[in-house]
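Chemist: Note that the protein sequences, when read in sequence, are chains D and E. Going from the first sequence to the working numbering is simple: count from 1 and add 372. Going from the second sequence to the working numbering is simple: count from 1 and add 3.
No lab work stands behind these hints: they were computed from the structure. Even glycine gets a Cβ: it sits at the ideal position worked out from N, Cα and C. Among the clues, some could well be false.
Over the 12 Å line for every Cβ pair with chain E, so calculated as not near, a few chain D residues [stated by the list, open to error]:
#1 S385
#2 V418
#3 L488
#4 V493
Quick list of simulated restraints, FRET-style, between CB atoms [to be verified]:
#5 E/M307 <-> D/A457: 28 to 34 Å
#6 E/S149 <-> D/A460: 48 to 54 Å
#7 D/I482 <-> E/S269: 24 to 30 Å
#8 E/N229 <-> D/F486: 46 to 52 Å
#9 D/L488 <-> E/A271: 40 to 46 Å
#10 D/I478 <-> E/G148: 20 to 26 Å
#11 D/I482 <-> E/T263: 56 to 62 Å
#12 E/R15 <-> D/L443: 31 to 37 Å
#13 D/H521 <-> E/P222: 20 to 26 Å
#14 E/A217 <-> D/L488: 36 to 42 Å
#15 E/H146 <-> D/F499: 36 to 42 Å
#16 E/S176 <-> D/F486: 23 to 29 Å
#17 D/A376 <-> E/A271: 55 to 61 Å
#18 D/R380 <-> E/A63: 53 to 59 Å
Counterexamples of contact, computed for chain D against chain E with all Cβ distances above 10 Å [claimed, not checked]:
#19 Q377
#20 R380
#21 I389
#22 T419
#23 V458
#24 V476
#25 F486
#26 L497
#27 R533
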Amino acid sequence: MGAAQIFRSLFGSKAVIAATALIAIAYFYLIEYVISLNAPGGYTFVTVPPILLYLLSLSAAVFLVISAFSLRFAILRVQSEVELAVSALSTIVGGIIAGCSCSVPILASILYIFALNAATVSGLLAFIGNYQVELFGALILFNVAISYHHLDKLSQTCVIRKGRIQERK
Amino acid sequence: MPIKQDSKSATRKLEQAIKTTRMIATASLAIGVIAIMLALIPLVSSYLQPTPANFGHTLAGINNPFTPAQLAVINNASSAYFETAGEMYLNHSLTNVGTAPIVQTNALIVNGKPSIIYLGAISCIFCGENRWAMALALGQLGHFGSIYKGYSALQDGDVPTIYWQPARYNVSSGVSFGSNYSSAYLNFVPIEYESQISQGFQIQPLTYFQQQAAAYGNPTYISATNVIVTLNSFQGTPYTIWGRDVVSGADAIAMTNGTTSLMNMSHADVLRQLAKPNNLFAWEQYAGADLYIAMACASLSGSMPPICSLPAIKAIQKTGGY
């Protein structure tokens, strides 16, 4: 049994699809909120294509649902708990990257706390500004890759009986 | 029996080898797919982004000098406008002014005068918006011989703005130093990052600006870039130092007049509103200028420009602790 079968079985339910959609919408607003925190004067300005925002929200939501589902299985519980946080973290990082990196007071303040100097902070801001789309794409791919890895693990641990995913005995 | 055992162990080893090979093949395939997708993202996104249909029209008049009448709006703005805007700021009628964090340092003194240092980028939308307030302030503290029509990056909304000098908006990376500005009271030290305006926001690390200043060979700009690096307060652009006060960001976010966004205004629209301020956008620009003037005046000693004695400027100095 492969990852694809587990995916089909898990997302074959309308309730799961609805839950994923709601989480994706919540994540989208989380990204917008983080952008507004970093925006000068609260003036929200998104400089990545909107499609990337939607894809990040969706991929993080799918990742969250898979991790949450895995909490049922003792063997995957610890890993799943960590991944629940990672899923939200990927959208927060996305929010930091998605705004105009010309002015990022919150991120810069955090970096200065870690005793980085202006030369290093400006280097990081320049990197985010110059590779914004690529970084956003990497976050989406990260979510997809981790989700696939998790589904693969599930496929080794579980079986599908009568359309339901159950722990292999 | 031993033959059977050997055969079983050989089969097991073969199965393990096949398993390992499959894993390596799957991992290689996954890495390959990820690498291809990463490479394709910029290509795909360039199709997805709202690229203006007419590049030349959007950048109408770029690098053209302001006409004498347009320049007069900046150089000769009535002090009454600054007073009214200052009072509006002080009675909290304007909410998007005074938003940037401010710290104090020692002023960079060149030729016996304190300096106003500016670090920005032509592709930066907030720099584009902020240059209007800066120009209004500088016009009261000295005189522009010329300024030029500019825009922020096409992919960040293409805000109409001022360039301190004609910009190389097609270079992959460069820095321009200086302007056609003179003042009896202070020095204006503008440092502007130049990149392809058809792209989004781009910048380089501060060390790049230090290297470019060294290559330019002007001691004022070398000192200015060194000051910015040593202050450890850089949070992005625009970054300005008004004598003793370091402003990390735009001091007023005036992006709309209530009905039209700055992105949808032309230079003529902006200048018309600044010439006779009667809306939110214009008052916020004047109030942003007031804050800069208050900081600059606080760094001056001896003779001062008349704008420094406006009651609103003195009140802003008091409330701001400049």
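Chemist: Looking back at the hints listed earlier, which ones does the structure fail to meet?
Modeler: 2, 3, 4, 5, 7, 8, 10, 11, 13, 14, 22, 24, 26
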